[in-house]
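> The residues making up each chain are set out below.
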Amino acid sequence: MSNLHQIISLDLPPLLTAVCAALSCTLLGNFLLLRKISLMGDAISHSVLPGIVAAFLISNHRDPLTIFIGAAAAGLLSAVCIETLRSLGNLEPGAAMGVVFSLFFAAGILLMEGAAARHIDLDANCLLYGQLESIFWYPPTSMADLLTVDALWSLPPQVLTSIGVLIACTLFVLLLFKELKLTAFDPALATSLGFNATAVHYLLMVFVATAVVASFEAVGSILVIAMIICPAATARLFTDNLRVQIALSAVIAIATTVLGYFLGAFGPELVGRTESVSIAGSITLAAGFFLTTAALFAPQYGYLGRQIRHRRLALQMALEDVLGVMFRIEEARGLASPANREVMVETLGGQKAVDMGIAYALREKLIEKSADNFSLTERGRIRAQDVVRSHRLWESYLVSRLGLQADHVHDTAMELEHFTDQPMAEKLAKRLPNPELDPHGKKIPSLNSVDDES
Amino acid sequence: MAKASSLVDVSVQFPQADEIIKVLLLQSGHNTASVMLGAGFLGVAAGVVGTFALLRKRALMGDAIAHASLPGICTAFLLLTSLGFAGRNLFALLLGATFSGLLCIACVHLLARHTRLSEDAAIGAVLSVFFGAGVVLLSIIQTLGTGNEGGLHDFIYGQTAAMRRVDALVLAYAAGLTLLSSLLMLKEFRIVCFDSAFAEVQGWPSNLIDAAMMGLVIGVTVIGLQSVGIILIVALLIVPAAAARFWTENLNIMTLTAGLIGGISGYFGAAASALFPRLPAGAVIVSVCGVLFALSMFFAPRRGVLATTLRHSSLSLRVAREHLLRTIYETLETSPQELKAGKALSIAELKNHLGAVPNSFVVFMLRTQGLLRRQADGSLALTESGFAEAARVTRNHRLWEEYIVLHGQLAVSHVDYSADLVEHVLSQSIVAELVEVLRRAGRLPQHASPAESLHPLTGGAA
Numbered sequence: 010m011s012n013l014h015q016i017i018s019l020d021l022p023p024l025l026t027a028v029c030a031a032l033s034c035t036l037l038g039n040f041l042l043l044r045k046i047s048l049m050g051d052a053i054s055h056s057v058l059p060g061i062v063a064a065f066l067i068s069n070h071r072d073p074l075t076i077f078i079g080a081a082a083a084g085l086l087s088a089v090c091i092e093t094l095r096s097l098g099n100l101e102p103g104a105a106m107g108v109v110f111s112l113f114f115a116a117g118i119l120l121m122e123g124a125a126a127r128h129i130d131l132d133a134n135c136l137l138y139g140q141l142e143s144i145f146w147y148p149p150t151s152m153a154d155l156l157t158v159d160a161l162w163s164l165p166p167q168v169l170t171s172i173g174v175l176i177a178c179t180l181f182v183l184l185l186f187k188e189l190k191l192t193a194f195d196p197a198l199a200t201s202l203g204f205n206a207t208a209v210h211y212l213l214m215v216f217v218a219t220a221v222v223a224s225f226e227a228v229g230s231i232l233v234i235a236m237i238i239c240p241a242a243t244a245r246l247f248t249d250n251l252r253v254q255i256a257l258s259a260v261i262a263i264a265t266t267v268l269g270y271f272l273g274a275f276g277p278e279l280v281g282r283t284e285s286v287s288i289a290g291s292i293t294l295a296a297g298f299f300l301t302t303a304a305l306f307a308p309q310y311g312y313l314g315r316q317i318r319h320r321r322l323a324l325q326m327a328l329e330d331v332l333g334v335m336f337r338i339e340e341a342r343g344l345a346s347p348a349n350r351e352v353m354v355e356t357l358g359g360q361k362a363v364d365m366g367i368a369y370a371l372r373e374k375l376i377e378k379s380a381d382n383f384s385l386t387e388r389g390r391i392r393a394q395d396v397v398r399s400h401r402l403w404e405s406y407l408v409s410r411l412g413l414q415a416d417h418v419h420d421t422a423m424e425l426e427h428f429t430d431q432p433m434a435e436k437l438a439k440r441l442p443n444p445e446l447d448p449h450g451k452k453i454p455s456l457n458s459v460d461d462e463s
Numbered sequence: 280m281a282k283a284s285s286l287v288d289v290s291v292q293f294p295q296a297d298e299i300i301k302v303l304l305l306q307s308g309h310n311t312a313s314v315m316l317g318a319g320f321l322g323v324a325a326g327v328v329g330t331f332a333l334l335r336k337r338a339l340m341g342d343a344i345a346h347a348s349l350p351g352i353c354t355a356f357l358l359l360t361s362l363g364f365a366g367r368n369l370f371a372l373l374l375g376a377t378f379s380g381l382l383c384i385a386c387v388h389l390l391a392r393h394t395r396l397s398e399d400a401a402i403g404a405v406l407s408v409f410f411g412a413g414v415v416l417l418s419i420i421q422t423l424g425t426g427n428e429g430g431l432h433d434f435i436y437g438q439t440a441a442m443r444r445v446d447a448l449v450l451a452y453a454a455g456l457t458l459l460s461s462l463l464m465l466k467e468f469r470i471v472c473f474d475s476a477f478a479e480v481q482g483w484p485s486n487l488i489d490a491a492m493m494g495l496v497i498g499v500t501v502i503g504l505q506s507v508g509i510i511l512i513v514a515l516l517i518v519p520a521a522a523a524r525f526w527t528e529n530l531n532i533m534t535l536t537a538g539l540i541g542g543i544s545g546y547f548g549a550a551a552s553a554l555f556p557r558l559p560a561g562a563v564i565v566s567v568c569g570v571l572f573a574l575s576m577f578f579a580p581r582r583g584v585l586a587t588t589l590r591h592s593s594l595s596l597r598v599a600r601e602h603l604l605r606t607i608y609e610t611l612e613t614s615p616q617e618l619k620a621g622k623a624l625s626i627a628e629l630k631n632h633l634g635a636v637p638n639s640f641v642v643f644m645l646r647t648q649g650l651l652r653r654q655a656d657g658s659l660a661l662t663e664s665g666f667a668e669a670a671r672v673t674r675n676h677r678l679w680e681e682y683i684v685l686h687g688q689l690a691v692s693h694v695d696y697s698a699d700l701v702e703h704v705l706s707q708s709i710v711a712e713l714v715e716v717l718r719r720a721g722r723l724p725q726h727a728s729p730a731e732s733l734h735p736l737t738g739g740a741a
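Line order of the protein sequences matches chains Y and A. Residues 10 to 463 in the working numbering are what the first sequence spells out, letter by letter. Residues 280 to 741 in the working numbering are what the second sequence spells out, letter by letter.
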């Protein structure tokens, strides 16, 4: 019981704050990612510093609302400055962001010196790393009282703020989903359809600034930047559908936060060390872990998936090339004429591809080996016939329809034959003046000639 | 003296004027002098390297590299400590920073090249994850309690005050070396910046040149870590180059200007940091840089905001002036006697024909030029020279109208607006050429004859 109580009082509030902050940032980050302005999160989270310090200096105390307004104002001002630099100064977006946020940040550090001079304690480090570790709750002692309104209202202000901002961001994305989507993919089309792309941009910036400001006191600006970019980028590697991407990124954000939190809070203990680890930092690392995993293993857009598809394609092409050569040899010397490896290498070039093709064809039982020679099996002959048919159909098409020279089309047909399925081959055949002979006078094998003969 | 202030007294004390001069003239001790020279060299090198990074649209790579140096620094510190050496060895730390900078570039490159993520998302992701790793390592170092980890935080915001003379000298040499190598690579960088595809076709190894450029960015970043800090070093790379962009369109001049702006920022920023030891050097240097940027942005002669705005407003004044003259001319055109006699038009009439009340500044300008006369009742009339100018303006308008009807295949009813856009910027030689073209086609309008106007002015005169 006391153990559970300890978790609720020490671990639940920071975890809840981090999850809500991560979700807000991720939701908005999806749209920043699509508009290729992901670094706006970086720029705004650095730019809020002078606003915070100025609000401190003006109000002279830690009133959260004043500071929130100051920070959000500075964040928005930086967004306006970036746009102005882009349009007035003809600077590319990256440079405009770099100029604005670094100057804002420097101004913030200098202002902070003024704050220190007036004995106001401001720690720039806590803005960078956040103070997740210092959020805790004194919940009611009995479990039954936990879910009463009074008890929930006594949650730390960071928790309540981040929940509020999450609700606001969710509503924003739900209500303006169509506008956000349209302006993200095609601002010019959006403008011509009567949506105000600039207004949507600034509205998005307002919410990014709000989310950044509300989050980073708790979780630190570095985690805010990571959460704006990483989960959305991870999800983008899995899907082309925006709704799926947003849902997936939200799931990833939650998983990242939970994993990072537990690694940071309990990791050192688990490996028997006594050091404490920055939780914001470990959540960021978890975000990086998920992104790396996706970049490597995502089925369609991941590195390995792509490599495997390339290899598979290369293998299939090698196989079909081998079958094609054997079919032509049979054509010249009669059915079941054997072919050896040297002939194939000579015809196709590339020993490695031929060996790959032979091995694959043997495994698929499309060819048989006897002594040093190979011959087509029944199934192999059908497959080979399709390949040669596509090849010669393409040659005929390229000559008769596209007007290429007959002695120039072989190499092109060698490529195209691998990407031609049966319906496409039949369409090609219909367009040919003479679907019986190819430009070199060779017979184009018919569709099911093997079946006919048997 | 500011340095003498106690720990309790945190108010900012302004140094005496003679002390400021002493610092600025490098007379305030070898330590300060070498720090200032080092920062100055760093600024020049950053400005020069940043110019290429900016033109190559890689401005924010510097940001990523700088943030990524934190885990390198921390790892080097941990390694040194675990091997039993003192952790705060500047060279080992900077070596660590260089390694993680290289790793960061490799990661950004892999993500941007081999996945569908765009370069900015890759930069942001790598930047935050590397910095997060650094934060984790830093928190571990702090709980290790070795006692000499205090200086690591200086890398985040930059602190020159703690710099030793030998460090500063080595950094100055390194900055000079970076500068020298970027000047040696000037031609290669230029060609890759402006047209990397062309460079490739011409047989330049553009990937290698890009790598060299990023190597120099790493160099500048690592050198600048100590004085400017992780977060603000990117400013030294971007801001001088962006400022220089306002001054010129010539790469050599831009490189020089950026170097100069960077150098001034580094020198004076380090001086200020020596005078106010509590101020983080990075912020001061970047602030100087920011002031120079603002000055460049507003006051640079050709591309600056002020010059551009002036050019725009002088053009719109000219347009308003010519419209007013042409309106008067066309209103009176239907009766040549009234036109010749210089009949006055009331403001209400003008408003009717112009579509708006004439701009009073334009009227004032025309009156001081002696082109317009104001009658006692407030109505306006053309003077003799005003008539000639109005005729010229109207003629330009009609020449261009005729030309677009002839060669642009536009309907007569559509050309008035298009001619409006162009008539104000026709130079004399173009007018002469237009006359020649139209004369040959037999379509030359006579400016003083209403019959030649494309739009018989019945509606306008009514």
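The hints are simulated quantities; they were obtained by calculation from the structure and are not laboratory data. Warning: the hint list may mix true and false statements.
[Stated by the list, open to error] Residues from chain A that keep clear of chain Y, each with C-beta distances beyond 12 Å, as calculated: (1) Phe-410; (2) Leu-594; (3) Arg-719.
[Stated by the list, open to error] Just the calculated beta-carbon pair ranges, DEER-fashion: (4) Pro-308/Y - Lys-336/A: 25 to 35 Å; (5) Phe-370/A - Gly-359/Y: 31 to 41 Å; (6) Pro-308/Y - Gln-481/A: 49 to 59 Å; (7) Gln-15/Y - Leu-448/A: 54 to 64 Å; (8) Leu-180/Y - Lys-336/A: 29 to 39 Å; (9) Lys-336/A - Asp-195/Y: 55 to 65 Å; (10) Val-280/Y - Val-445/A: 34 to 44 Å; (11) Asp-159/Y - Lys-336/A: 40 to 50 Å; (12) Pro-308/Y - Thr-588/A: 50 to 60 Å; (13) Val-570/A - Gly-203/Y: 35 to 45 Å.
Quick reminder that beta carbons are idealized off the backbone N, C-alpha and C, glycines included.
> Hint by hint, where does the structure go against what was stated? Just the numbers, ascending.
1, 5, 6, 9 and 11
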